[in-house]
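Peer 1: Chain by chain, the residues:
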Amino acid sequence: MRKLLHDMELTEQWLSGELSEEARQQFSFRMLTEPAFYEKVTLQQCSYRVIRFMARQKLKAALENMHAQLMQEPAFSKQIQQIFS
Amino acid sequence: METQTAPEMLQLYRETFPAVAAMLRDLGADPESAKDLFHDALIIYLEKHHAGTLHIDHTPAAYLKGIARNLWRRSFRHQLPLTSLDEPSAEELYYEENQQDQYLITTSLLHLLQTTGKKCMQLLQAFYYDQQNMEEIATQFQFSSSRSATVQKFKCLEKLRAQLKNSVLYEEVVA
Chain A
-19 MRKLLHDMEL TEQWLSGELS EEARQQFSFR MLTEPAFYEK VTLQQCSYRV
31 IRFMARQKLK AALENMHAQL MQEPAFSKQI QQIFS
Chain B
152 METQTAPEML QLYRETFPAV AAMLRDLGAD PESAKDLFHD ALIIYLEKHH
202 AGTLHIDHTP AAYLKGIARN LWRRSFRHQL PLTSLDEPSA EELYYEENQQ
252 DQYLITTSLL HLLQTTGKKC MQLLQAFYYD QQNMEEIATQ FQFSSSRSAT
302 VQKFKCLEKL RAQLKNSVLY EEVVA
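Chains as they are written, first to last, in the working numbering: chain A, -19 to 65; chain B, 152 to 326.
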């Protein structure tokens, strides 16, 4: 487990450009020579995308609620209706 | 990280949506697509705000109009590959990801949520999207220390990574 967590931390540092030149070269070498390591790095990149996607979905739901709330305000609702009339 | 509160967000929405909607109407958008594009623009705006990459010499309304205009134009070029030699803009990246990640809604998203666990996803979002630091996260999620929170964060990430291995998204990325 310790090695697994270490590799994940290392991958995070590599993705955010925080590794030294030497560490970056070692990382790149492992990516080229260890298919399992390459796969884990790619999956970690995908994970960040899923986290971002889900956070955006939550935000979109909140914005939908906000829109519905504002459309209950007569002045705001009238203004928007006039724009599209 | 500085985040906007719900009342601030509501105020921003109230003040900027009419101007953005009017501009999008002139481009040919209907009310529903204007609302959707405005929401996408707001998300990009908030992400830039969190990342500290907003130019302070532009008003929020000017920013949101610019982003929404770019998203509108991008939506008509969705079948064309990106050919520019320049770095893709935030709007381009957002649009591309949004298109590809729609798979998640209909495929593995629910399964991922159920198996990775709600608390894990909240923790991952707090760190990676909301950019809270580990001390804040340790307090919020009741860990004894920031190190414990960090270890838990990586365990959650490993759970998600394992779940993703057989997903459509991963197949698409490695294809």
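Think of the hints as simulated: they come from the structure by calculation, not from any bench.
Among the clues, some could well be false.
[What the hints assert, rightly or not] Among chain B residues calculated to face chain A with C-beta under 8 Å, some are:
| id | residue |
| --- | --- |
| 1 | 165 |
| 2 | 173 |
| 3 | 271 |
| 4 | 305 |
| 5 | 308 |
| 6 | 309 |
[As the list claims (entries may be wrong)] Reference excerpt, derived from the structure (chain B facing chain A, CB under 8 Å, subset only):
| id | residue |
| --- | --- |
| 7 | 169 |
| 8 | 190 |
| 9 | 193 |
| 10 | 205 |
| 11 | 315 |
Even glycine gets a Cβ: it sits at the ideal position worked out from N, Cα and C.
Peer 1: Classify the hint on residue 169 of chain B as holds or violated, based on whether any CB of chain A lies nearer than 8 Å to its CB.
Peer 2: With a closest approach of 5 Å, the residue 169 of chain B hint holds.
Peer 1: Against chain A, is residue 309 of chain B within 8 Å by beta-carbon distance?
Peer 2: Holds: closest Cβ of chain A sits about 7 Å from residue 309 of chain B, inside 8 Å.
Peer 1: For the hint on residue 305 of chain B, does the least C-beta distance to chain A fall short of 8 Å?
Peer 2: With Cβ-Cβ at 5 Å, under 8 Å, it holds.
Peer 1: Is the interface hint satisfied for residue 165 of chain B? The criterion is a beta-carbon contact with chain A at less than 8 Å.
Peer 2: 6 Å, holds
Peer 1: Once the shortest beta carbon distance from residue 308 of chain B to chain A is found, is it less than 8 Å?
Peer 2: At about 6 Å, which falls below the 8 Å cut-off, the nearest Cβ of chain A leaves the hint on residue 308 of chain B intact, so it holds.
Peer 1: So, residue 190 of chain B near chain A? Judge it on the closest CB pair being under 8 Å.
Peer 2: Result: holds, 5 Å to nearest chain A Cβ.
Peer 1: Hold the hint about residue 205 of chain B up to the distance rule: shortest CB distance to chain A must be less than 8 Å.
Peer 2: Result: violated, 17 Å to nearest chain A Cβ.
Peer 1: May I ask you to test the interface hint for residue 193 of chain B with respect to chain A, counting a Cβ-Cβ separation under 8 Å as satisfied?
Peer 2: Given a least distance of 6 Å, the restraint on residue 193 of chain B holds.
Peer 1: Identify whether the interface hint at residue 173 of chain B stands, where standing means a beta carbon of chain A within less than 8 Å of its own.
Peer 2: OK, holds: residue 173 of chain B within 8 Å of chain A, min 5 Å.
Peer 1: With a cut-off of 8 Å on the beta carbons, see whether residue 271 of chain B makes it to chain A.
Peer 2: 10 Å, violated
Peer 1: Holds or violated: residue 315 of chain B as interface residue toward chain A, Cβ cutoff 8 Å?
Peer 2: 5 Å, holds
Comparing the model with each earlier hint shows violations of hints 3, 10; every other hint is respected.
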